[in-house]
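Colleague: Each chain is listed here by its residues.
4 protein chains.
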Amino acid sequence: MKTINIAVAGLGRIGKIHLKNLSRNFAEIKVIAVMDVFEESQAIADEFHVPVFVQTFEELLAVPNLDAVVICSPTDTHADYVEQAARAGKQIFCEKPLDLSLERVQEVLEIVKETGVKLMLGFNRRFDPEFKRIRQLVENNAIGEPQIIKITSRDPGPPPVSYVKVSGGMFLDMTIHDFDMARYISGKQVKEVYARAAVKVDPEIGEAGDVDTAIITLTFEDDSMAVIDNCRKAVYGYDQRLEVFGSQGMAQADNNFPNNHKLYTEGGISGDLPLHFFLERYDASYNQEIREFIDALVDGTDMPVDGEDGLLSIAIGLAAKKSVAENRPVKIEEILS
Amino acid sequence: MKTINIAVAGLGRIGKIHLKNLSRNFAEIKVIAVMDVFEESQAIADEFHVPVFVQTFEELLAVPNLDAVVICSPTDTHADYVEQAARAGKQIFCEKPLDLSLERVQEVLEIVKETGVKLMLGFNRRFDPEFKRIRQLVENNAIGEPQIIKITSRDPGPPPVSYVKVSGGMFLDMTIHDFDMARYISGKQVKEVYARAAVKVDPEIGEAGDVDTAIITLTFEDDSMAVIDNCRKAVYGYDQRLEVFGSQGMAQADNNFPNNHKLYTEGGISGDLPLHFFLERYDASYNQEIREFIDALVDGTDMPVDGEDGLLSIAIGLAAKKSVAENRPVKIEEILS
Amino acid sequence: MKTINIAVAGLGRIGKIHLKNLSRNFAEIKVIAVMDVFEESQAIADEFHVPVFVQTFEELLAVPNLDAVVICSPTDTHADYVEQAARAGKQIFCEKPLDLSLERVQEVLEIVKETGVKLMLGFNRRFDPEFKRIRQLVENNAIGEPQIIKITSRDPGPPPVSYVKVSGGMFLDMTIHDFDMARYISGKQVKEVYARAAVKVDPEIGEAGDVDTAIITLTFEDDSMAVIDNCRKAVYGYDQRLEVFGSQGMAQADNNFPNNHKLYTEGGISGDLPLHFFLERYDASYNQEIREFIDALVDGTDMPVDGEDGLLSIAIGLAAKKSVAENRPVKIEEILS
Amino acid sequence: MKTINIAVAGLGRIGKIHLKNLSRNFAEIKVIAVMDVFEESQAIADEFHVPVFVQTFEELLAVPNLDAVVICSPTDTHADYVEQAARAGKQIFCEKPLDLSLERVQEVLEIVKETGVKLMLGFNRRFDPEFKRIRQLVENNAIGEPQIIKITSRDPGPPPVSYVKVSGGMFLDMTIHDFDMARYISGKQVKEVYARAAVKVDPEIGEAGDVDTAIITLTFEDDSMAVIDNCRKAVYGYDQRLEVFGSQGMAQADNNFPNNHKLYTEGGISGDLPLHFFLERYDASYNQEIREFIDALVDGTDMPVDGEDGLLSIAIGLAAKKSVAENRPVKIEEILS
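Residue numbers (this note's numbering), protein chains in the order written: chain W, 24 to 360; chain P, 24 to 360; chain S, 24 to 360; chain U, 24 to 360.
For chains that are exact copies, the list does not tell them apart, and a pair is met inside one copy or across any two.
In silico DSSO-like pairs for lysine-lysine, Cα to Cα no more than 30 Å straight-line:
1. Lys53 <-> Lys119
2. Lys285 <-> Lys211
3. Lys119 <-> Lys256
4. Lys285 <-> Lys155
5. Lys345 <-> Lys211
6. Lys354 <-> Lys256
7. Lys119 <-> Lys155
8. Lys53 <-> Lys136
9. Lys53 <-> Lys39
10. Lys214 <-> Lys354
Don't read these hints as lab results, they were simulated from the structure.
In isolation and in its complexed conformation, chain W is listed as follows (with noise of 0.2 Å):
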């Protein structure tokens, strides 16, 4: 078996997280390169011994032998990067979303398909062992045919206003999450989208143009219906659930504690709050999603997520903005066309 060379482009807490799994549990692969456009990620090319350490793109590209890149750059740099990596000839994995233009990505994904270079979108939650097992159980049709899917995904705290202005917005930024997970868990396309929005958490959020809680109901093609609520702020933590309602059962995924343990007091029965956030919540999953790309590279199968995918949860993400925007529900097709 051939070993196959990877470069990974970006070096912030995601691209950190892929370089740790890149480097330690794969024989099938070798990473002869990374790239950030600080210096200062020299040290961490050194402390995972890669050979070779460059701050552009276009260097990065240039490395000899080279088969994949992981690009964990700014969401801004995404389409570029995609795009000149495709006519390169280079098998990609891009963290999510590939651009917060609906055009632009459309026209990288034409790009993409022109090369015949294969694509794989950073979902992770799709990698994440609890939802892979109701997704599992939906799939060997234990609950019958899903009618309902709530999903209930709250972050600890807000991020910097700062980027709230940048990230096009809490449904593009946080919730395509959950319209992936959705789309994922149903096996079926999102028709059509109702939000309703508040600015409940900082009102600088709101100035800012964006919202920081939401409850958005989407309907799948058959009817079935799904219903996300967000809040960019739980004060006990992040608050990742899942549940699907179908004509045979239900099943559920729970938040994710660091123990089990239960402490009786005078006081009342108590435990400690769900893993922190995202790093900590969904490690396993990074782990398994690159193992995956790995997987489609090695044995040329199908990317688990592919531009697709990407797509739509940004066209559910502009439904939804939209649907706030004007207080009425919002065909997908009205986004798409």
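Got chain W; can you put chains P, S and U on it based on the hints?
Modeller: Below, chains P, S and U without anything else, positioned relative to chain W:
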């Protein structure tokens, strides 16, 4: 203390529960008469040692020294009986809903107001120990300002289609309890409703012009929200859960179970299903409800659920119906004006 | 069907519970008399509309047409009252224990046997819905052959030391319920006991010659085992749990709670403490217990808990005391022979 | 900081786990050699890029610049290897037990003491996050003074009878972990043991002179108690639970599960079984254990589990065996003197 003389009208399932509770648990009252259109119900009167059994509401109101009536007859008699009882100067407990027509409800409430009698509406779930505990936590500010209320309300099976046809539709028949619960927990008025519904359980329900599966988003006057998910059939039984998410925490009430055992076998870990249906699940609430009615009579205090509560739940239900029909959010003021 | 005429002797906490249940829930019986040494208890007779109130057991037995007595007086009267009732030909329900002296118990059971009356012992926990469900699972072979039974039984607080002194000791006063539970769940006879005990709650209990904390290992005739852990004081309340481990699985009963809410705050996830003490925790069991007594009277069937059960629990308790005193395992046959 | 050079002896299941963890997670160390009697294990050395593979312990100790050895070979080699390593001046991590003979253990510990090397014993469960959390609660006085410790420890299935014969018996092979856990949680010395045991799983285990099911009561120096229940076969999988009851509260650790999903169907509510066996259940503990060994080496601090801990667990195990043989409580001083 003067004994309060009470009569019960209607000896169906709920009527018998109220009669049993009234007969057993109160030293302050006496059930002096019962009424049912069916002659066979004489036996029920005998079983509970009620001295007078009649078959018309007129006869019932004519029973000497009667102080109050508990109306448990079919929905289409509620408005007339309440009107008659009010004009006769009797205190009134009436099962929900007062009527399916908003105009008729308003008319009856006007009459009740004029006569000065007290009227309590039978939203029994407010008296359920689980939900009362959650309301208490909200009142005690244990979770800060409520931002998202989530109500899961699914029945073990749909009623006969013949009943569906005269029920006023799922929103007025089943969800009306959830609308009241959202108002009770929040303590705020609903200003807008968006309902998305489908026929997933039985096509005959659709042919009868109704729906059996729905997600309803309520917006309160302060832009906080509630979301209700309903289905007429959950194969695993009666599913009644509540969650309130607020600025300082979250409170949840899970289903109630006949017992708490866990069985570990080679096949997995299992436990019993929730209590079967409303008679089992809300047994304690019926008792507590009638106790608070009696207490309000004895103490001369306000009724814990009044005509306005009944009116507003119907208005929300009508808004939900209109929302589904026109696929758009509907303001309560559109309904009430 | 002939109405059964019943009298209650002793109107303390348990006596009042039995009187309330007997008064409310049974068409087949009539409480025709009650007895209590305190004149003030006349008020209780009045409250429950019992026509005859007397202050001696002799007078009670003399009430005409009396069929059965429910004995809830202090422990040191049990044996005498049972003997008298048996000689008078009355059916008997008696609270546990029959007596603290094994010889006296054997003597009384002999008399009961000669007179041919029925005797039921008040081991109410056998009628608790949680534990009944576990017994059912054992009977239905859901967990195969029981190998280890684990009983946790801790009180919220110790009784007054004055009571401890006359109680016969923790094993005969408190653990006796657990001994009966072990026998009930197992369905087998205990052959040997090892008890390890300490004074951890209150040194005065130790000075009174008793213990307040213990672990007791029971060995059944087939070498399967049970282990009981006791403490007179659990700061978090009444702790009553049961677990049966068998060749094909395990069944557990957790504590019962006033409600099932969960509260998530910055400080952790918490819930309410278990139901406070035996009156709350075993409320349903007292009702079911007396129902099965009445049913056995009406149907002429065997009593669900008989004198032999009472005798054996006392024998196990005495073996436990001897085991602590001599720090060695004690065979039941040492006690019974 | 000087790099610590480490060797691993024995590449069976546990040896491979330690090798994997040592290879991946530590910048401070280097695995410079491994040893295994089987030639085929060369492949494992290659997989983890260990430069030196030898087949005898003598050769291993002769590897230049070696600082410490991790001994994972069969139990009957532990004492000799520890002795040799100590005499060669190497720091030592050794899997439990040191030896089945108390005299040999004492002898080896004497040598270790003389040579001044450090010795850590592999009681990995002390490093399990669940149990560590419970110990923390005890240390932080969250439950007051511990009075009763309860350990449930059941394996998914028995080892082969051939292994049982050389294992030293269930108490020294399996329960030894629980003895150490009781000491770790309590922080006190055990003074007396009573064990009641039976053969319930497989008669051949009995024929081999061992038991497979037991309840063991430990008494600590302050008369607080611990109770352990063991079975070699739980059909529902590996059952590892812990409960500490104290003067101010109770702390519990439940089993660990591969996921937390719940499935509701017509047949009941169910979930997956616990993690299969020790490799899955204690995965994190092996990593943490070896991390604390390395930390103690680097920092020059005391080992978190030392030879004395190993000695005392064996003494408790021997007392338990004697207790079963003579059916009486056995003092630890009877064993150690």
